[in-house]
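J.: If you read the protein sequences in the order shown, they are chains A and B. So the first sequence is residues 1 to 395, counted in the numbering used here. So the second sequence is residues 396 to 651, counted in the numbering used here.
Honestly, the hints are just simulated from the structure, not real lab data. For clarity, every value in this text was computed on a predicted model and none was experimentally measured. No incorrect hints appear here.
Capping the alpha-carbon separation at 25 Å, the derived lysine-lysine pairs in DSS-like fashion look like this:
(1) A:Lys203 to B:Lys651
(2) B:Lys481 to A:Lys135
(3) B:Lys481 to A:Lys155
(4) A:Lys56 to A:Lys82
(5) A:Lys198 to B:Lys651
(6) B:Lys650 to A:Lys203
(7) B:Lys481 to A:Lys56
(8) B:Lys650 to A:Lys198
(9) A:Lys135 to B:Lys650
(10) A:Lys135 to B:Lys651
(11) B:Lys546 to B:Lys604
(12) B:Lys650 to A:Lys155
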Amino acid sequence: MRSVASFLMFVVFGIVLNLLVMPNANAEELDVFGYFEPQFIFLYQNGNSYQMNSDKLRLDLQSSASNVEFGADVIYNLYFGKKSWNILDFLPSEIVDEVPSGMRSYFRYTFNDTLYLDNVYVRMSNSRIACIFGKQQISLGTGYFSNPVDVFNLKDAMDPTYEQTGHNSARLDIMLLNRTSVMFLYSPIESDWNNSGKLFRLKVGLGHFDFVLTGYEFQDKLTDFYSLSVTNERRRLTGCEFVGEIFGLGIWGEGAYNFMEISDDYYEFLLGSDYTFESGLYVLLEYHRNGRGKTRYEDYNVNDWLRFYLGESKTIAQDQMYALINYPVTDLIDLQLMSIFSISDGSAAVVPVINYNIFENVDLNIMGNVYTGGEGKVYNSKLGNGVVIRARAYF
Amino acid sequence: MLRKVLLIFVFIVCFGLIAEETGEAITAEEIIRTMTETLNPEQSEAVMEMTITTSGDQERTFVYKTYSKNGGEKSLMKYLEPGRVKNQAILMLNNADDIWMYFPGTNRVRKLATHAKKQKVQGSDFSYEDLGSSNEFEDDYKSVLLGEEEKEGKLCYKLELTGKKDSDAGYSRLVAWVEKESYVPLVIDYYHEKDPELLEKELVLSNVKTIDGIPTPMKMIMYNKLDNTKTSMSFRELTYDVDLPDNLFTEMGMKK
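My request is simple: use the sequences and hints to build the entire structure.
T.: Here it is, written out as structure tokens:
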């Protein structure tokens, strides 16, 4: 009932805002669009097969009048099939044995139907300055599979281009020169200024290259899953990025050094390259090092696994390689093969993908995933192999 | 007196003939330069419709807004339709030597390296280079005037353009029929990069109208002879009488 009320509030908010915007000069009508996305997941794990499915509806509202733009989207997720999971079922048995039996129920997770405002913002701009207030998309970094400088989003390496939810913030972009800009962002995460996020970014274009320097201070959290206690500490990230090309190869990289208030400082970086052959075959490779990751899989513990699954850390292992091969079989069908290889423990995940633009406004994606590693490794076969079938109909 | 008048008459006729002869001695380079200037006015703003017909006869239609400046050296495309690409944008600077793509779903801008220039835009028969490079005919090809020929019912210059050594030419040679009156190319045949006898694509331009004083082909169809596909592009709206700010051709401009 609350969900329906929230949805109606969203629609009313959009209409009221449109009425406010409409009387202005050059006003445009409220644009309503979005998509419906049914998804079926089949999983085969430890001799058992499961299915977990979802229906997702995204409704976007957009309106602009001269230098003011309003945008918002609301997402409704409906889950069916197996909705309740216990994260411990996916962990190596020696790790599960470390968890006291009385605490095992804490690791159960249920996918409940949700309705939420994904983004809602107002953007005011002139030719040199843009201010955006509200819940908005913030994407940083040049990496494809992972972004060391991006602490706002955690990409799913199996599906790295999937949209991310918005973040509450106030953002100011200033264009200093052609291809030179600065960005200031304030993200009021905590109750006061000191503990909220403050970001500065300088972007400079030189020749065929773009360079970025980033500084970000915010309150980070780290959970100890043995004691179920949370440590909050200030994290200061300094990062740099580049993207360009050498000898016809696309190259990019990004690195971050994190100064931690309590825990040990650590670094993270990623280097990538891509090339498109005359036939249309596209190849992308990325190397990623997470200074906080472990080098021996025998050292992985409960904290490593759960921080990874719950999004507190990007990887469990220190070094990984990502590869993507894409080939357009026809103008409407692409075949893809993605692979994530954990150099530190020798395990890998292979993800074959078919992308088919089946109708003018309907995309069909079929993704498989196969884990090859032995017991205890990051991409171990205990995680189960599966298929995701996803259709997306735009309106 | 009569002899003087006759002499003057003969002089005028001869001078006229010489002048006319001199006017016709236009070079291939001059034709290509005038054609390039005609096709790439200083600035433009347009809404275009692109329809791709696949080898299986399926159609996909895209509508996008396009801006260009400095005779096409800078260009920006913003997709309006269909929903799956709505608000996506492509920025091309330095005649498509630098390409950025904006994905609104993640608010991410991705820079494409030049190897992507020759790739199809949204699966069409036009490459990024075809859409964003305004100087390729002059810079990448050496042109020869083969003569005059009637094409599509119009008298045309027939030219052959051969890829220069060490250039970035995407084709081994081109044969173009450029209308004498308007300097608009009516047909351009593109031959395969590795086989100068293999016809890869044929571009047919039609429905030439004068917009803001500039002759403009309102419809273009690119036939891919190897894949048996075609892509047509037509203007829904077009003006050359605009003053576009440089800041439009930036990352900020892509997102606006």
